[in-house]
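K.L.:
Read top to bottom, the protein sequences are chains V and S. Using the numbering used here, read the first sequence as starting at 377 and increasing by one per residue. Using the numbering used here, read the second sequence as starting at 377 and increasing by one per residue.
Derived from the structure by calculation, the hints contain no laboratory data. Just so we're clear, the structure is a prediction, and the values are computed from it rather than from any experiment. Hints are not guaranteed to be accurate.
Which copy is meant is left open, so a pair is good if it fits within one copy or across any two.
Calculated pairs, PhoX-like style, for lysine-lysine (alpha carbon to alpha carbon, straight line, at most 25 Å) [as the list claims (entries may be wrong)]: (1) 597 with 571; (2) 626 with 482; (3) 675 with 743; (4) 590 with 571; (5) 424 with 654; (6) 626 with 654.
Number of protein chains: 2
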Amino acid sequence: DDSDDGKSTGGYGGSQAGEVGPVWLYPQTQLDCVVADPKKGSKMYGLKSYIEYQVTPNTTNRPVNHRYKHFDWLYERLVEKFACALPIPCLPDKQVTGRFEEEFIKMRMERLQGWMSRMCRHPVISNSEVFQLFLNYRDEKEWKIGKRKAERDETVGVKIFSTIDPELPEIDPTQVEQKYETYSQFSRSMDNSVKELLAVGHLHWKRCTGPLQKEYRQIGKAFQNLSSVFNTSGYPRESTLTEALTATGKTYEEIADIVAGQPKKDLHFLLETNNEYKGLLGCFPDTIGVHKAAIDKVKEADHLVATNKISQQDRHTMEKNLSTMSYALQAEMNHFHSNRIYDYNRLMQFYLEEQVKFYETIAEKLKKALGQYTTM
Amino acid sequence: DDSDDGKSTGGYGGSQAGEVGPVWLYPQTQLDCVVADPKKGSKMYGLKSYIEYQVTPNTTNRPVNHRYKHFDWLYERLVEKFACALPIPCLPDKQVTGRFEEEFIKMRMERLQGWMSRMCRHPVISNSEVFQLFLNYRDEKEWKIGKRKAERDETVGVKIFSTIDPELPEIDPTQVEQKYETYSQFSRSMDNSVKELLAVGHLHWKRCTGPLQKEYRQIGKAFQNLSSVFNTSGYPRESTLTEALTATGKTYEEIADIVAGQPKKDLHFLLETNNEYKGLLGCFPDTIGVHKAAIDKVKEADHLVATNKISQQDRHTMEKNLSTMSYALQAEMNHFHSNRIYDYNRLMQFYLEEQVKFYETIAEKLKKALGQYTTM
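Use the sequences and the hints to build the structure in full.
P.N.:
Structure, rendered in structure tokens:
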């Protein structure tokens, strides 16, 4: 939803009722960055080696360098600061062995890119001081000072809600509970569905690069062998057939390689995107749990006021906080949904485009082989 | 080779040297027949049931009826009469259980058709009295008299060579041996190659109708499940995505069925043709064995003349017979080669045409699914 009436203001954000309900306040231009150019660096006179990635934000267009452990540091800060309100997806896995291998570096870079783009797209996260530091520090000194400041940041955990101003009337806690149940259920269902897609995708990948490739190769070999046998017949004028048969055999060998190479072209992106969503969805139970705990606390409030454990004023603050938290969660869910629709629409289009090309390429190759036979 | 200079004359045939060496004398118009219209008949007041096929030759266009056991009787006659000179391919398997099931009847009819067409194409077999009787008998009486006559036929086994007049100079037995070795080796190699193709074909069939169909269905289900989950989001304006996702899922389910149904469309004919050739090639060792035995006998002839076991005249007859046999085998090999080239050319064209259609159909379906997504 890009219309203005649903935008929130103040602090990191807030929410106003739009068509979809409360939404974050989105910036005019969307932040993004490019993670590229992995370089091997070393420390302690070459005793310690590491890979450094170049991160270039679209705002400054000025690259900064970061190692994996810096991303991990940023991730830790974001979790501390925001995880009560927002699901912060995990970084790509740490890996100790093989981490200087080209294939691994490429894969990690691609995943760090995905993670950073997702963080940049989030109006609350991308606007935070620590995130801005990560993208924009000018030198080692600024980075170190900024790091120390971020590590001492006290606006973490549930305190994050105090920085959000919904600019909307307080919500009745009973309305909130139902919404949370819907969110819980949706994220659980989607988690299952994403895992199903991942499972069948992995299976298909294995079949394409394993038995299917082998089988198409065998078919190719069988045609070529038959052609070789025919060549020994001593019978004249069968060279057209044997040449066409050989070409057919070679075509099936090519198809074997196309089949085996295809998952990297399309299934890879499907699996990567779903893996990202699996990680994201895995954070939902904890985030929603924080909100549910707040509801339980407000429910207890009557009793606590009666036994003089808290004042009426405290109780009102709790209710006001719950309302803010609820708006924040709704804004976050709306953020999630709009991103989900965008991501899956793009993913499916890409996947199907590649699949169409795949089948068309094979049809073309077979047509060419067919053209080598003569009509008798 | 259709030119006249290689044609043989006399008896069932013979041979003259053409471009490819000796060839049978081929008729002006080629005999063929249609095996169709299987009908259940019964005997003994319904106690015994059987299936009767209608066989219509292109010469008379008048259908005759035959049960499987009649075909089997014809096969036995052809083996007795011709197997020394010509490989007579086996009939499709007998089967006791399930022989009234539609699928089985259709399959058997198709194979009887293939066998009959191959027999019709053979100038020596198709010209024989017993084969003509099978196709042309006018009533039960003519059939029964003809049957009895055929069963009493004495021109069987090696005697068949006496009916062949090569009209060509006698060949030197030493030349013959080398040729036979070539034929043996070719038929062995082709037998292996055909068996390889059959093995990989069966494997591919199983994969298409088994794991591959299952996997495409799972992919289809996974997309549809994701669509169902998305539908529960409560987020507005995602119906385009969920409808497109559902369509994609259904498309993959259709692809599953297309993949599983494809072997019947193309692999079936490839396997049937190669099965026929496997049967045919299985007859070669015996047929060639008869010829090799004749060579061995001629080799012994010098010794037999010296020890007065046979006369010089006998020896000359043996050499003349060997020459005739050799021309017959060469004509038969040339017949085999020209049919082989024709059959495999047609087979491969058909197979590739169907394969092209298969991949194009899938590409078209995926393109249609792709068209349902909106570009954001």
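K.L.:
Just pull the numbers of the violated hints for me, sorted ascending.
P.N.:
Numbers 2, 3 and 5 - these are the hints that the structure violates, sorted from lowest upward.
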